[in-house]
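Asker: The lines below spell out each chain.
Number of protein chains: 2
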Amino acid sequence: MAALQSVDQFLSENSQQSVEQLQEFLRIASVSADSAYAAEMEQAAQFVCDEMQRAGLDAEIVPTDGYPIVYGEKTADPAAPTVLIYGHYDVQPPDPVEDWVTPPFEPEVRNGCLYARGATDNKGQLFTHLKSIEAWTRSTGGLPVNVKFIVEGEEECGSNNLDRFLQDHRERLAADIAVISDTSQYGPGMPAITYGLRGVVACEVTLRGPKQDLHSGVFGGAIANPVNALAAMVGRLVDEQGKVTIPGFYDDVQPITDEERAQLANLPFDEASFLESLGVGETFGEAGYSTLERRWARPTCDVNGLFGGYQGEGPKTIVPASATAKITCRLVPDQDPERITAAIHTYLKSLCPPGLKLEFTDQHGCRAMVVDMGGTYAAAARKAIEAGFGVAPVQIREGGSIPVVASLREILEIDTLLLGWGRNTDNLHSPNEHFHLEDFHHGTRASAHLWHYLAEK
Amino acid sequence: MAALQSVDQFLSENSQQSVEQLQEFLRIASVSADSAYAAEMEQAAQFVCDEMQRAGLDAEIVPTDGYPIVYGEKTADPAAPTVLIYGHYDVQPPDPVEDWVTPPFEPEVRNGCLYARGATDNKGQLFTHLKSIEAWTRSTGGLPVNVKFIVEGEEECGSNNLDRFLQDHRERLAADIAVISDTSQYGPGMPAITYGLRGVVACEVTLRGPKQDLHSGVFGGAIANPVNALAAMVGRLVDEQGKVTIPGFYDDVQPITDEERAQLANLPFDEASFLESLGVGETFGEAGYSTLERRWARPTCDVNGLFGGYQGEGPKTIVPASATAKITCRLVPDQDPERITAAIHTYLKSLCPPGLKLEFTDQHGCRAMVVDMGGTYAAAARKAIEAGFGVAPVQIREGGSIPVVASLREILEIDTLLLGWGRNTDNLHSPNEHFHLEDFHHGTRASAHLWHYLAEK
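Chains as they are written, first to last, in this note's numbering: chain S, 1 to 457; chain R, 1 to 457.
Keep in mind that the hints were calculated from the coordinates and are not lab data.
Some clues are possibly wrong.
In silico SDA-like pairs for lysine to any residue, Cα to Cα no more than 25 Å straight-line [claimed, not checked]:
no., chain 1, residue 1, chain 2, residue 2
1, R, LYS316, S, LEU428
2, R, LYS316, S, THR206
3, R, LYS243, R, TYR289
4, S, LYS211, S, LYS357
5, R, LYS316, S, THR291
6, S, LYS243, S, GLU282
7, R, LYS211, S, GLU313
8, R, LYS243, S, LEU351
9, R, LYS243, R, GLU293
10, S, LYS211, R, THR425
11, S, LYS357, R, THR291
12, S, LYS349, S, GLU338
13, R, LYS316, S, ALA342
14, S, LYS211, R, SER277
15, S, LYS243, R, GLU240
16, S, LYS211, R, VAL97
17, R, LYS74, R, ASP58
18, R, LYS316, S, THR324
19, R, LYS243, R, ALA265
20, S, LYS211, R, GLU98
21, R, LYS243, R, ILE256
22, R, LYS211, S, VAL97
23, S, LYS357, R, ASP95
24, S, LYS74, S, ARG409
25, R, LYS211, S, GLY314
Covered stretches of chain S, as calculated for chain R (at least 3 residues, CB under 8 Å) [said to hold, decoys possible]:
no., region
26, 201-215
27, 219-228
28, 237-250
29, 280-287
30, 300-307
31, 343-355
32, 398-408
Values in this document were obtained by computation on a predicted structure and should not be read as measured data.
Cβ coordinates follow ideal geometry from the N, Cα and C atoms, glycine included.
The shape of chain S in the complex, shown without the other chains (with noise of 0.2 Å):
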């Protein structure tokens, strides 16, 4: 335990260092889905390798066809434990600027928070990793564990260079767990680990009928109208118990057990306010299951747009030419994502009336994770999580999908500790996004925390 006080002094000592070391990486404008900002982009690669280098990694900037991604790693011990740690130095466009307190890219700190673009995604998360690696190689010498550290530059605009790289360096990358602080804590004072996230299928669905709009005087009654037929067909997806119809859908679904059940009702969760947020009078889903199961652990199909025909003002009387559907489907462990995509093309084609042709167009799509939470990491995670935060975490999962985390299950083999040290009232994605410096620090903390309680294993 010396090691680990040495670590939380050096931390302390230089934590108001750390502050205007992150300040001066969200001063670079790295906007990856705006190419005129690519200048930037490369000086924050920069930035990352510079402080990996910092941390005593040995550290890179490996091209892409994309942006590049700086890769750093520090062997300690080859009996130890291997962690890798994903991040992104890339963040959202800072549109509608006018709508910013302080200039996205001039952080400012206000209210004992820092506000800036990146000031949680990623770049404020992703720093508590590199600070506490710091203290460790630079109060003690060593690491408790052996690093393995991805930075990315295209988690914004769709990780489109990422898996190819992973699949490059299978065997450098070897680990035993992935961390990945890309989440959020489940209110103020709780942070989390989150250990579900479920998969996506992703679909597109054209019905063709006459070759071109027709008069639907003239010819309705004649032939099949590919936009009746495509609602029919499609609003036959969900039934009116909010229960997916698609046959063979819920085969792989794995039940949430008793006791998750449990714990998820233990959750604190106001609906009210929540229903309030939304704009929506009242809850719909799946019979038999909380607005939490339905949004974190149960499938569900939603058609995600739907047109064809006039859309204009006013009526226009036509038979249309055509309708289309984009169809995504969350996941839970155990679907397949290549079998839900077949069931849903087996469905809908027996569903096709006559005389109307079916196009699909298929995405990729990504499997649900469920990280098991009775293993020694995820000890170590709440561990750690107690003594950064002082409080224990709780155990949530999240409704949305994450390829990266799947991508390493695929391809490494390897699950990930997401854990979550920003607030998702941090306006991610949104103007005046912010950390607030008390979570910068308890997660730094607990992140020194989390390489000495893995390496206990």
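Use these hints to put chain R onto chain S, whose structure you have.
Answerer: Same frame as chain S, now just chain R:
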């Protein structure tokens, strides 16, 4: 017959000029459904007024609460019959514009056809009557019948101000018979008198959910998705056998008589080439009825437009905020538009899931109509058509709706001769609308002869 010969000669000598004048008319983008075209609407009304004056009528532009009605009249002989002619100067929106070979408002003659939005519906067909009257007045100095000519600008968006105009000018508009060319020939070289039309009701439904699009990972499964829900609702308007499922929809439907079924079965109808012309593999519709019966004498329910959520490229994982459907039903005797509209509302409300808000916007409705073909005016029309086209007309019904026919019956108490010069393959309401110049010239001649035969009465 000397007069008729000089009229025919005038038409022959001026046929090219008539086409050029029609092209000038077609250059005016008089789209009534979209307020962006208000200036073009005024221009079109002025054009019609000028043409009426050129034809020897006393003409004026009569303001309404919407677009103006152009009215022209000429009393030839108080003892002669009075004919009321109706047409419309507004056209359907040209969307999708990218599907036109030449731009919709740049008329071009190709392969004996004049291509432009409105070429047939209704500028071209309306023009035959303007030109036949001009031929009479300019070649003989008079007209065999008294003429009252109404050309409105709101036919394609509900004719909202026409009934008011008819009511306000009931006495001035008194006539013996109405003539409208806004229908089609039965086939090439098979001019038709249309004795039956379907009615119509139109209604727009918007279903609102969350106040903005939501992340489908974070919120999917928690609340009702308005696109899924609206698809399911409008997908249940028609069943898999093509029968409309709105409760009460068929209550007032007059069955087709055996005599009429026999007559319809005698009309030549090549289903294979019909389907090929539409680019469809099979017919589809209410079981137990022939395709012609379903198009002309059975009611339908078509979704003309449906939209909600994301329509761009690729996937977007949202629960959309709202969805909208544009619905029209074609009606047959004795269905009542108001009763059917109410039945749609009641049915869709019964299908709406909790937490969503349903909004209706109802548009124009009109009853179906069927005319008596035993009268002397119908006989005059048969002779005139034979003179113009060289063959006797067939007697048909049409699936479309012409609300003015119902209004003329109800308000002015006159019957209407529906004389179609165009073809139902002329792409009415579709890209590449056109009018065969042969039909234009034959129709103009038939129109000129009609005034003669009507006076023979």
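Asker: For every hint, state whether the structure bears it out.
Answerer: Do the hints match the structure? See the list:
no.: 1; hint: LYS316(R) <-> LEU428(S); verdict: holds, 18 Å
no.: 2; hint: LYS316(R) <-> THR206(S); verdict: holds, 16 Å
no.: 3; hint: LYS243(R) <-> TYR289(R); verdict: holds, 11 Å
no.: 4; hint: LYS211(S) <-> LYS357(S); verdict: holds, 11 Å
no.: 5; hint: LYS316(R) <-> THR291(S); verdict: holds, 23 Å
no.: 6; hint: LYS243(S) <-> GLU282(S); verdict: holds, 17 Å
no.: 7; hint: LYS211(R) <-> GLU313(S); verdict: holds, 22 Å
no.: 8; hint: LYS243(R) <-> LEU351(S); verdict: holds, 16 Å
no.: 9; hint: LYS243(R) <-> GLU293(R); verdict: holds, 14 Å
no.: 10; hint: LYS211(S) <-> THR425(R); verdict: holds, 13 Å
no.: 11; hint: LYS357(S) <-> THR291(R); verdict: holds, 21 Å
no.: 12; hint: LYS349(S) <-> GLU338(S); verdict: holds, 17 Å
no.: 13; hint: LYS316(R) <-> ALA342(S); verdict: holds, 20 Å
no.: 14; hint: LYS211(S) <-> SER277(R); verdict: holds, 9 Å
no.: 15; hint: LYS243(S) <-> GLU240(R); verdict: holds, 22 Å
no.: 16; hint: LYS211(S) <-> VAL97(R); verdict: holds, 15 Å
no.: 17; hint: LYS74(R) <-> ASP58(R); verdict: holds, 6 Å
no.: 18; hint: LYS316(R) <-> THR324(S); verdict: holds, 14 Å
no.: 19; hint: LYS243(R) <-> ALA265(R); verdict: holds, 22 Å
no.: 20; hint: LYS211(S) <-> GLU98(R); verdict: holds, 14 Å
no.: 21; hint: LYS243(R) <-> ILE256(R); verdict: holds, 16 Å
no.: 22; hint: LYS211(R) <-> VAL97(S); verdict: holds, 23 Å
no.: 23; hint: LYS357(S) <-> ASP95(R); verdict: holds, 22 Å
no.: 24; hint: LYS74(S) <-> ARG409(S); verdict: holds, 22 Å
no.: 25; hint: LYS211(R) <-> GLY314(S); verdict: holds, 24 Å
no.: 26; hint: 201-215; verdict: holds (count 9)
no.: 27; hint: 219-228; verdict: holds (count 9)
no.: 28; hint: 237-250; verdict: holds (count 4)
no.: 29; hint: 280-287; verdict: holds (count 7)
no.: 30; hint: 300-307; verdict: holds (count 8)
no.: 31; hint: 343-355; verdict: holds (count 3)
no.: 32; hint: 398-408; verdict: holds (count 4)
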